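Put together the whole structure using the sequences plus the hints.
Protein chains in written order, with the numbering used here: chain A, 71 to 252; chain B, 2 to 317.
Simulated from the structure, these hints should not be mistaken for laboratory data. Treat the hints with care, as some may be off.
[To be verified] With a Cα cut of at most 25 Å, we get these calculated SDA-like pairs of lysine to any residue:
#1 Lys229(A) / Val14(B)
#2 Lys139(A) / Glu228(A)
#3 Lys46(B) / Gln187(A)
These numbers were taken from a predicted model, which means no experiment stands behind them.
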Amino acid sequence: MDDDADRALVERFRNGDREAFTDLVVRYQRPIYNAACWVLRSVEDAQDVAQIVFMRVAERLDEYDGQHKFFSWIYRIAVNESLNLQRRHGREEALDDDVDIADGDHANPESQLSQAQLSRRIRGAIMSLSTNDRVVLSLRHFSECSYEEIAQILDLDEKTVKSRLFEARHRLRGLLAELHQH
Amino acid sequence: MNERERARLMDAVLDGEATPSEARELDRLLAIDPAARTEFEQLKKVFDALREVPQAFPPEGLVAAVLANIPQNLVLHGTRNQLSSRSRVLGSVRKEARGTSPGKSVKGPPVHQPGPFLREWNMNESNGSSRRRNVWVGSSIAIAAALVALAYTIDFPPGAQNAVGTIVPAQRFKAAQPAMDDVKAVGQSGSQSVPLQAGSAANAATNNAVVSGTTNAVTSGTTNAVDNASTNAVVNASTNAVVNGTTNAVNAGATNAVGNASMNAVGNASTNAVANGTTNAINSSVSNASTNAVSNSASNATTNAINGSSNNAVRQ
Chain A
71 MDDDADRALV ERFRNGDREA FTDLVVRYQR PIYNAACWVL RSVEDAQDVA
121 QIVFMRVAER LDEYDGQHKF FSWIYRIAVN ESLNLQRRHG REEALDDDVD
171 IADGDHANPE SQLSQAQLSR RIRGAIMSLS TNDRVVLSLR HFSECSYEEI
221 AQILDLDEKT VKSRLFEARH RLRGLLAELH QH
Chain B
2 MNERERARLM DAVLDGEATP SEARELDRLL AIDPAARTEF EQLKKVFDAL
52 REVPQAFPPE GLVAAVLANI PQNLVLHGTR NQLSSRSRVL GSVRKEARGT
102 SPGKSVKGPP VHQPGPFLRE WNMNESNGSS RRRNVWVGSS IAIAAALVAL
152 AYTIDFPPGA QNAVGTIVPA QRFKAAQPAM DDVKAVGQSG SQSVPLQAGS
202 AANAATNNAV VSGTTNAVTS GTTNAVDNAS TNAVVNASTN AVVNGTTNAV
252 NAGATNAVGN ASMNAVGNAS TNAVANGTTN AINSSVSNAS TNAVSNSASN
302 ATTNAINGSS NNAVRQ
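Encoded structure:
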């Protein structure tokens with residue numbers, strides 16, 4: 071995301087331009103919706119959270135510190151709102167999606183898989199991971215956040231972020247290897 | 002460098018977060034270690050595959066739903082930490098409830114209220130005070146309505162004096178019909194009015210007068226009763242409806258002055274107008290029918306008796 075453009079929209083909205091807020095919603099609806107999807111594993115819940123996030127943004131935009139990136143700020147709201155909703159539902163460890171197990175060449179399975187099959191398999195494997203793993207993996211790989219940005223969003227230090235990412239990938243690779251063997 | 006450190010180094014390079022020295026170190030390692038190269042290639046495939054995982058599209062109505070739930074009068078003050086009281090409360094509660102990590106947040110009940118659009122939340126913000134106020138207003142309206150109804154019930158009993166000039170079609174045909182005993186022809190009341198003379202015209206006149214008077218009285222009484230009842234019913238019903246409706250509307254409007262004057266006035270006016278109009282019309286119809294029947298029958302009987310007597314006298 072273009073942070074300068076974000077700041078300009080924020081400033082316009084602070085000055086009463088509601089169109090600027092509409093632009094922010096349009097810009098961020100997809101990444102926020104996806105971030106919530108990865109955490110909640112539910113399309114409907116993600117939709118709810120996306121609406122909540124933008125409501126919070128509208129209500130609390132004065133709290134946004136322009137020294138930081140706007141997308142880090144809104145992502146932090148999105149992750150926290152998703153986790154809050156997940157706690158309320160009490161289904162943190164529930165699995166909505168079945169992992170897709172595709173048949174393939176065990177000697178070189180990935181070479182036999184189409185990109186779509188591989189994507190489905192990875193997506194299924196990620197969905198079977200814990201919430202912490204899904205959060206860091208989705209922020210890094212799908213939202214393309216840096217370590218520093220992930221640390222800001224999750225209120226962690228960068229070392230912890232690196233460690234969590236490493237552990238999450240390790241488990242993901244193990245899970246994919248298990249799938250290959252079946 | 003052990004296996005774990007090597008894997009972390011590979012992660013950092015593939016994430017684009019490695020320092021130049023770290024990148025050079027990995028290059029050296031991959032150049033001398035075929036197993037490390039294989040591992041790196043496998044890890045790179047995972048990264049590439051992750052990059053290709055398609056992201057979902059939000060539902061089409063999401064933007065519209067979001068914008069629809071943003072208050073039109075939302076005002077940002079341009080100064081940090083000067084949001085509305087509601088937002089400040091929410092913000093502070095969220096900060097307190099937030100853990101140091103996503104998985105270690107503070108346990109307990111939901112820490113804040115989401116927006117009014119959330120499926121699972123009831124965002125009715127009415128408090129006890131407003132509910133109590135509504136109860137009082139409702140009670141006042143009910144009491145006022147009961148008093149108005151009672152007042153009109155007392156003011157308009159089915160009595161004769163108040164029923165003059167009022168009627169109703171529904172019971173006009175049930176009005177008491179003048180019977181033979183009720184009709185008092187002049188000649189029938191006694192010998193003083195019309196002295197009887199045997200074999201004379203007076204006798205015939207008297208007989209005719211009685212018969213004609215009775216017949217005419219019944220017929221005319223009934224006819225007049227029906228006619229008067231119909232006319233009075235229509236006129237009085239309309240008049241009473243308007244008068245009572247207006248009166249009740251004003252009374253109800255004044256009583257329910259707490260913002261509901263208009264609605265109650267219209268409602269009470271219609272209801273009372275219909276109810277009172279119908280009641281009064283029924284009462285008046287019965288009374289007028291009876292009164293007119295008796296009055297007309299007596300009058301017609303007298304007239305017919307005289308006419309019949311005169312005719313008979315002339316013929317004889």
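Hint check results:
1. Lys229(A) / Val14(B): holds (15 Å)
2. Lys139(A) / Glu228(A): The hint holds at about 17 Å.
3. Lys46(B) / Gln187(A): Holds, because 14 Å separates the two Cα atoms, which is no more than 25 Å.
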